[in-house]
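Each protein sequence line maps, in turn, to chains A and X.
Quick note: the first sequence uses our numbering, first residue 1, plus one each step.
Quick note: the second sequence uses our numbering, first residue 1001, plus one each step.
Hints listed in this document are in silico derivations from the structure and should not be mistaken for laboratory results.
Quick caveat, the model's predicted, so the values are computed rather than measured.
Restraint ranges, calculated between C-beta atoms of paired labels, are given here: (1) W1322(X) <-> E228(A): 45 to 51 Å; (2) D1478(X) <-> I592(A): 22 to 28 Å; (3) L324(A) <-> E1594(X): 57 to 63 Å.
Note that beta-carbon positions come from the ideal geometry of N, C-alpha and C, so glycine has one too.
2 protein chains.
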Amino acid sequence: MRQPQLSALFILACFFLMPFSAPGQLLGFSQESATAQKKLEAQFDAQLNAKNLDEWMKHMAAHPHHVGSPWGKQNAEFMAARFREWGFDTKIETFQVLFPTPKLRLLELLEPTSYRAGLEEPPVAGDAHSAQTDEMLPPYNCFSIDGDVTAELVFVNFGVPADYEELEKLGVDVKGKIVIARYYGSWRGIKPKVAAEKGAIGCIIYSDPREDGYFQGDVYPEGAFKNEYGVQRGSVLDMPLYPGDPLTPGYGAVEGAERLSREDAPTLTKIPVLPISYKDAQPLLAALSGQVAPPSWRGALPFTYHVGPGPAKVHLKLEFNWELKPAYNVIAKMEGSAYPDQWIIRGNHHDAWVHGANDPISGMVAVMEEARAVGELAKSGWRPKRTLVYCAWDAEEPALLGSTEWVEHHARELRQKAVVYINTDSNSRGFLDAGGSHTLEQFFNEVARDVKDPQTGMSVYERWRARELVEGRPEPKDFSLDALGSGSDYTPFIQHLGIASFSLGFGGEGRGGEYHTAHDTYEHYTRFKDPGFQYGITLAQVAGRLSLRLAEADVLPFEFGQFTETVSTYAEEVMKMAGQLREQTEKENRLIREGLYAAAADPTKTFVVPAPKPEVPYFNFAPLQNALSSLKKSAGAFEEVRKKASLNTEQQTALNQLLQTIEQQLTRNQGLPRRPWYRHHIYAPGFYTGYGVKTLPGVREAIEERKFTEAQEQIGILSGVLSGFAQQIDKGTAILQQARAVDSANGPE
Amino acid sequence: MRQPQLSALFILACFFLMPFSAPGQLLGFSQESATAQKKLEAQFDAQLNAKNLDEWMKHMAAHPHHVGSPWGKQNAEFMAARFREWGFDTKIETFQVLFPTPKLRLLELLEPTSYRAGLEEPPVAGDAHSAQTDEMLPPYNCFSIDGDVTAELVFVNFGVPADYEELEKLGVDVKGKIVIARYYGSWRGIKPKVAAEKGAIGCIIYSDPREDGYFQGDVYPEGAFKNEYGVQRGSVLDMPLYPGDPLTPGYGAVEGAERLSREDAPTLTKIPVLPISYKDAQPLLAALSGQVAPPSWRGALPFTYHVGPGPAKVHLKLEFNWELKPAYNVIAKMEGSAYPDQWIIRGNHHDAWVHGANDPISGMVAVMEEARAVGELAKSGWRPKRTLVYCAWDAEEPALLGSTEWVEHHARELRQKAVVYINTDSNSRGFLDAGGSHTLEQFFNEVARDVKDPQTGMSVYERWRARELVEGRPEPKDFSLDALGSGSDYTPFIQHLGIASFSLGFGGEGRGGEYHTAHDTYEHYTRFKDPGFQYGITLAQVAGRLSLRLAEADVLPFEFGQFTETVSTYAEEVMKMAGQLREQTEKENRLIREGLYAAAADPTKTFVVPAPKPEVPYFNFAPLQNALSSLKKSAGAFEEVRKKASLNTEQQTALNQLLQTIEQQLTRNQGLPRRPWYRHHIYAPGFYTGYGVKTLPGVREAIEERKFTEAQEQIGILSGVLSGFAQQIDKGTAILQQARAVDSANGPE
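If we strip away everything but chain A, and leave its shape as in the complex, we get (with noise of 0.2 Å):
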């Protein structure tokens, strides 16, 4: 073989790829557009100004701005106004959404003594902001039915499936009772939507100052958290089922479009729900007598937690105005110079339960700079070479309705252009917090150690892997995305269409009790969580960083040995969560069968032995340990053959295409079982956790749920998804094979 001319080879592979990055280098750069992204990426630190932050925060969290406010409104006509400002293509896009909000709320204690909720959070001393009381919306729970019962009261934890089973233990039944349960343990839509399914009629959520109350530290306006009158806010619309405006399933709320009568409407809840505070809560859950709760079970109220049922009676008296109102998403485009059909889309909502500082003003303003910032290089002549799309949603907290309703309006248009979805929301001091597809997590981990934390001076990077080493966790190999489940607007993109997605914050160090009352202020938010907005600029520099790179990669980082490793490390985990149900349901049927259980118990309580469960079958496996074996050998081939490609324009673009809707492989159009709208078989919130992600989630579930037949089923499914996203991966593999064989006939290896 002939010596090849060095400078010749470099003239004809000016489009070589470097896939895994040496130092200096980038993944999906050539060297020379490394150097080029690394100088734009300087130039876009360099307009960075925390300033910003802090005036827009100030601005936009100064009233009151839930879904059709008058300053939601000011605030989406507020950015658009500034997206304009900076050069982007910006107009509001509005859908017309079902918003309910409180017109009567009513709840009292009626025996053994009587007391009247007051269900107000006054002002706070020393927060101008809490005192705007007149332009809040009061504490309740969006999508709740309106609803007149008066019960015996039952006190169920959490309120998740576990805890009914240790009702029924008790010998407590929740038939035609009112539930009171605490918040967290599970999503708080988990918690009407079990309460219902188990014949309660109504249900009350407190924040026991276990979780973020004086338990956690001072409370607000001394410290960060939850005072006595603070309520949490929020949707419980059974998301899990679908999100989005439960009139219009699938579909965009536009104006005029078909919608469901609120009657057949299946995410609303079945029961009313209304959550209180721990002074409202405190003379119900002192009134109720009955067994002494569980240990786990008891919060930081100063009594004795018991379940119930009663003495303890309560009215709860719920009515809404059942109305469409706007949600105003701002939409701005940049678009690419080189790919204008290719876009990067960075989103974040605006709206808030009450002032939203923290939840989601800190996240949007972050987007904000780095739009601004972005307009600042182009103001200078460059062009991203990839569409830009700056979103900032509306009506995210009711159900995600501002970015779902845009998401299944736009669906046609986004499965063929949307190569990325990169979300933020609530941040604050401390950690890089992040979840995303793990074909991405190789190019995050090249991020992550670029940007350095303001406090250390180290990367991001090293200052999260020092928390893994301290709390004890193994040393890690690169940053581990989280698997994304729901709780905000990345949930369309990936689950309902399959878009690669990323949502990212950080955290750790600003805690509080804030989160959807009516002390997530200026005030509480410069004081306790970010002051000087220092992560306000992480967060910039991170999904920056993110942006810029997917839009001026030469070819799109997609990576598959990672995203290869970590389905097979879910795979592992749900194969040992058959071997643990089996071994726990025969454990447990033994006790049950052998007297044990009634052996064991003191006969002077009540104590009812469960029925025993069906036995766990040993599922055939095979198929999906087949299918991650050839993915294994697809992602392997992939990347030893991109080591050494070179693409030519026309190579580079089919494997660009074919990248940019690979995630999408991993979705069927018919959905998971009984909630079709959950398309992603990696990925997808839990039926019974709401937000907390459940992987390989069709497989998972139907055991977890014991719905074995199911489950083999599902195994089978999810075998043909991860074949068909090997398939793919071999397509791109064959790109650049052709590639290559032109590079070998042009020189040796």
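Position chain X against the provided structure of chain A, taking the given hints into account.
Structure of chain X alone, referenced to chain A:
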């Protein structure tokens, strides 16, 4: 070989042993003796009457009866009269012991607000006994020194060494401060001991409602748990150094005995210490600021727990009457017909902090009913083969004074005559709970399988097993005896003299917060602890069988296989612990040296990176492993030959004499490092746990306390002790082999 005449063999083998008992047989008994024994036990059971327990408790707990009180003396005399009526040779042995009582108790908060602690337990509605405040000792910690100190306050959680490591990380030093610790987490005496080691000048101990107040259940008088006024009294003598009279270490505190001056008594506290209620603790704790206490430190009071120091400043002033008081031990003997110099000792204390219905009268009345039933058997002509000694100890509460002085005073005789000591103390409804010498574990199991649980009708063993399985522990092979540490009157017997011991009781279903308060009354006991005294009778059945079988056995039922297995488990634990400490030290040192602790810490909070600790060397455990290997062979050989041996009277006597003192081979006169009073090398109370046992204490504590040279020395010493023990077993085997040789000469195996 000739076919033997079975009948001839039977006559010859009149003392034939079946040590591993087949059905209907008992360890240490011939078939014939076992049958007689079972009959005797049925007669014993038939005597037991719950009404006696009720009546005696009502009488003995009618007034406060602490050391030196009129009712304490009355109780001793009452019991002595009863034992005499029942046919026992009874005397009251009196010792003169140091027993300080409060002269002045003052605790006040001086800054930032002022509060004077009430330090009283007012009468409780419905409990007439609680109104006898004039007769009570007010709440105090016995053997606190006098003191008058004023300083800033620091909250130290349980006040154990690990808590001070945590405080150091938080940058908090207790030097010159007064500490406030909560009860539990260690024996109370550890709290002022460690506080003084760390430089504190005063110590307050309070009862957090988390541990035995409203967090656990309804409070007295509605429920059994500690109300806001309840204070746990109790000794704070440095008992891990030596228990008993602090002025007469190692010898009896008889009238006229030489005594240390109080200044030279090493077991008194180094700083003043006072116990308080949570009503009195609340203003003090609430006045602390500084860092928020770590999550596991927080109790159930309704505020944020801070560690301080200050701004809370407190004044603690304590003065005591330092007087000698008479301790009345009631000693009742029934001489053995065959082996009068082999004593089976059965004991319980009779003194209380206040009324002591549960602690100790619930156990004391069971002892009395056992003795009464034995007396009834004796009236019908029966006599025990070995001497039965029933003891009612005085002055257990201040520091095991009565039993310790008696044991020290009679040490020479006890070393020769005492076979086994069987202790009880508090008793309530629930599950058998027993610790003891593992040389008697197999014997104990036969008893636990023969006594019925009064609530379920199954054996107390079976009910215990049911709970083991329900709580997720593995299928037990046998009832596992806990290792004995300290905390009741078995301590001088087993720890100082090496007399094989048991300590047992029932509990787990009769819970409450009355321990050492003015609420441990007849009213409380009969409502919440053991209504109807069913478990008092069951305790008498278990302890009565232990006594009677030991008194009647043909050969003492010691067995060494389970002992060897148990000690091997301890050795494995210690080896594992050494490995874990090594690994943990390396890990922690790495976090320190690589700056990871500093990197992960919140820079807005004080965090002092600790100094690296010396690395843990590898120890040579081979001597211990070899000793255990020999022990296993010796134990196996003994059992092997015992199964087949027939002993003549002389051989039986020789074997009994050997077995009677064999546990003493586990002691050394030099005792444990820095505390020669503790001589047993398998069991000891922990130097920094107080009551809690440390098995293989010489080795284990040296490693835990990072005295690595000493650890290696102690491995050698322990190995020597175990080898000596094995040699003693071999002597027993030789006796059995003699017998077997005779037997073999008379017929085939």
